[in-house]
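*Asks:* Below are the chains, spelled out letter by letter.
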Amino acid sequence: MDNMTIIAVASIAIAGITTGFGCMGPALAEGRAVATALTSLAQQPDAAATITRTLFVGLAMIESTAIYCFVVSMILIFANPFWNHFVAPAAGK
Amino acid sequence: MHLSPDQIVFWHYGFLKLNATIVFTWGLMLALALGSQLITRKLSMNLQRARWQNLLEIVITAIKAQIKEVGLPNPEKYMGFLGTLFLFIATASLCTVIPGYEPPTGSLSTTTALALCVLVAVPVFGILDQGIGGYLKSYLEPTIMMLPFNIISEISRTLALAVRLFGNMMSGVMIIGILLSITPFIFPIVMTALGLLTGMVQAYIFSILAAVYVAAATRTRAKET
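Line by line, the protein sequences give chains A and B. Residue numbers for the first sequence follow my numbering, beginning at 1 and rising by one. Residue numbers for the second sequence follow my numbering, beginning at 1001 and rising by one.
Okay, chain A solo, but in the shape it has when bound (with noise of 0.2 Å):
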């Protein structure tokens, strides 16, 4: 295998695993947050606006580390550094 092919193939793999592994933790936490805030919901109804806000800001914080792992795969896959780095010279050639 040349230089290119092994980018490649470990960009397109690491870009599945990024993605794969990162949702795991950001869903368990954000399943435990909505289950939070449902309890405090049905025990507290009068503080529903207070709950539903920090909820959602909360929520857009740990969704923000899954964004992150995602930012990261599309970037390997469609803007990899080292692709270009690499292709350009063999154009040269």
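If you're looking for bench data, these hints aren't it; they were derived computationally from the structure. It is possible that part of the hints are untrue.
[Stated by the list, open to error] Simulated coverage check for chain B against chain A, where a stretch passes if three residues somewhere in it have a Cβ under 8 Å from a Cβ of chain A:
| hint | stretch |
| --- | --- |
| 1 | 1157-1167 |
| 2 | 1200-1214 |
[Unchecked claim] List of simulated lysine to any residue pairs, SDA-like, C-alpha gap at most 20 Å:
| hint | chain 1 | residue 1 | chain 2 | residue 2 |
| --- | --- | --- | --- | --- |
| 3 | B | K1068 | A | A48 |
| 4 | B | K1064 | B | Q1053 |
| 5 | B | K1064 | A | I6 |
| 6 | B | K1064 | A | I51 |
| 7 | B | K1068 | A | F56 |
| 8 | B | K1068 | A | T50 |
| 9 | B | K1064 | A | A49 |
| 10 | B | K1017 | B | Q1007 |
| 11 | B | K1068 | A | L55 |
| 12 | B | K1137 | B | I1152 |
| 13 | B | K1068 | A | T52 |
| 14 | B | K1064 | B | M1079 |
| 15 | B | K1064 | B | Q1048 |
| 16 | B | K1077 | B | V1212 |
| 17 | B | K1064 | A | R53 |
| 18 | B | K1068 | A | I51 |
| 19 | B | K1068 | A | T54 |
| 20 | B | K1068 | A | R53 |
| 21 | B | K1064 | A | T18 |
| 22 | B | K1068 | A | V57 |
| 23 | B | K1064 | A | T54 |
| 24 | B | K1064 | A | T52 |
| 25 | B | K1068 | A | A47 |
| 26 | B | K1068 | A | D46 |
| 27 | B | K1064 | A | F56 |
| 28 | B | K1017 | B | P1148 |
| 29 | B | K1137 | B | N1150 |
| 30 | B | K1077 | B | L1119 |
| 31 | B | K1068 | A | P81 |
| 32 | B | K1068 | A | G58 |
Ideal Cβ placement from N, Cα and C applies to all residues, glycine included.
With chain A's structure known, arrange chain B on it following the hints.
*Replies:* Okay, now just chain B, sitting in the frame of chain A:
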């Protein structure tokens, strides 16, 4: 397949480039400014009022109430900045129903610019509220040991704001693009609807987080009084 609307170039001359991000941002700015100009041209104070005035009043009152709930006692002072952030991001994601439109917030340059605005605005509001000395002292709390961590948090939250908005908007466009090539009938519509929801939530989150940061920078004074 392209990662951001930066790559669609309409016109370029030398190193001046006019890409889709800039064009759609200008379009949104024009639409927002002209729209509010037209609506506020004849405001009525009595019970008979135009539909559009009602719409604007609902939006303004809701934003004001949200800012107040975060812990900023007089929201009018921060309305111009936080409200503009919310309106711009919300309109940018709502307009995705228009065919051929790419949300400018799906480009990292736009979201970085917005996050940098927040980075600059938070100290400005803090200094306006408690003076330079009072604001700088908030970096030394609770102890002087926390100074580097406070500075790091200032930078990392700016990065997080930018990447969060970019990632969400870009993933929406990307998923619709991928689905269009796999199942072109029903699913893209469902995902577009979901993208509208995500866009509104992200606009809300962005402006609420900015409001929370402003509130944190101006809080010490409110606590003392």
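*Asks:* A separate judgement is required for each hint: does it hold in the structure or not?
*Replies:* Going through the hints against the structure:
Figure legend: the stretch 1157-1167 of chain B, annotated as covered by chain A; annotation consistent (5 residues with Cβ-Cβ distances under 8 Å, at least 3 required). Coverage of the stretch 1200-1214 of chain B by chain A holds in this model, with 7 residues showing a Cβ closer than 8 Å to a Cβ of that chain against a need of three. Among the hinted pairs, B/K1068 with A/A48 is consistent with the structure: their alpha-carbon atoms are about 17 Å apart, no more than 20 Å. This hinted pair checks out: B/K1064 and B/Q1053 have alpha carbons roughly 16 Å apart, not beyond 20 Å.
Restraint check for B/K1064 and A/I6: the C-alpha separation of about 55 Å exceeds 20 Å, so the hint is violated. The straight-line distance between the Cα atoms of B/K1064 and A/I51 is roughly 19 Å, inside the 20 Å bound, and the hint therefore holds. This hinted pair checks out: B/K1068 and A/F56 have alpha carbons roughly 17 Å apart, not beyond 20 Å. Taking the CA atoms of B/K1068 and A/T50, the gap is about 12 Å. The hint holds against a cut of 20 Å.
With a CA separation close to 15 Å, the supplied pair B/K1064 and A/A49 stays within the 20 Å bound. Simply put, B/K1017 and B/Q1007 have alpha-carbon atoms about 10 Å apart, close enough for the 20 Å limit, and the pair holds. A C-alpha spacing of about 18 Å is found between B/K1068 and A/L55, which places the hinted pair at or below 20 Å, so the restraint holds. At most 20 Å may separate the alpha-carbon atoms for a hinted pair to count; B/K1137 and B/I1152 meet this at roughly 16 Å.
With a CA separation close to 16 Å, the supplied pair B/K1068 and A/T52 stays within the 20 Å bound. Pair hint B/K1064 plus B/M1079 holds up; C-alpha atoms about 7 Å apart against a cutoff of 20 Å. Restraint check for B/K1064 and B/Q1048: the C-alpha separation of about 23 Å exceeds 20 Å, so the hint is violated. Among the hinted pairs, B/K1077 with B/V1212 is consistent with the structure: their alpha-carbon atoms are about 15 Å apart, no more than 20 Å.
About 15 Å separates the Cα atoms of B/K1064 and A/R53, which keeps this hinted pair within 20 Å; it holds. Restraint check for B/K1068 and A/I51: satisfied, since their Cα atoms lie roughly 16 Å apart, inside the 20 Å limit. About 14 Å separates the Cα atoms of B/K1068 and A/T54, which keeps this hinted pair within 20 Å; it holds. Under the criterion of a C-alpha separation no larger than 20 Å, the hint pairing B/K1068 with A/R53 is consistent with the structure, at around 13 Å.
A threshold of 20 Å between alpha carbons decides the hint, and for B/K1064 with A/T18 the separation of about 40 Å lies outside it, so the pair is violated. For the given pair, B/K1068 sits about 16 Å from A/V57 by alpha-carbon distance, which is consistent with the 20 Å threshold. Between the alpha carbons of B/K1064 and A/T54 the distance comes to roughly 17 Å, so the proposed pair stays at or under 20 Å and holds. For the hint pairing B/K1064 with A/T52, the CA-to-CA distance comes to about 18 Å; that is within 20 Å, so the pair holds.
Under the criterion of a C-alpha separation no larger than 20 Å, the hint pairing B/K1068 with A/A47 is consistent with the structure, at around 16 Å. Of the pairs offered as hints, the one joining B/K1068 and A/D46 holds, with about 19 Å between alpha carbons and a cut-off of 20 Å not exceeded. Restraint check: the Cα-Cα separation between B/K1064 and A/F56 comes to about 18 Å, which is no more than 20 Å; the hinted pair holds. Restraint check: the Cα-Cα separation between B/K1017 and B/P1148 comes to about 39 Å, which exceeds 20 Å; the hinted pair is violated.
Note on B/K1137 and B/N1150: the hinted pairing holds, with a Cα-Cα distance of about 11 Å set against a maximum of 20 Å. A hinted pair counts as satisfied when its Cα atoms are at most 20 Å apart, and B/K1077 with B/L1119 qualifies at roughly 18 Å. At roughly 45 Å between alpha-carbon atoms, B/K1068 and A/P81 are farther apart than 20 Å, so this suggested pair is violated. Of the supplied pair hints, the one linking B/K1068 and A/G58 holds, its CA atoms being roughly 19 Å apart against a limit of 20 Å.
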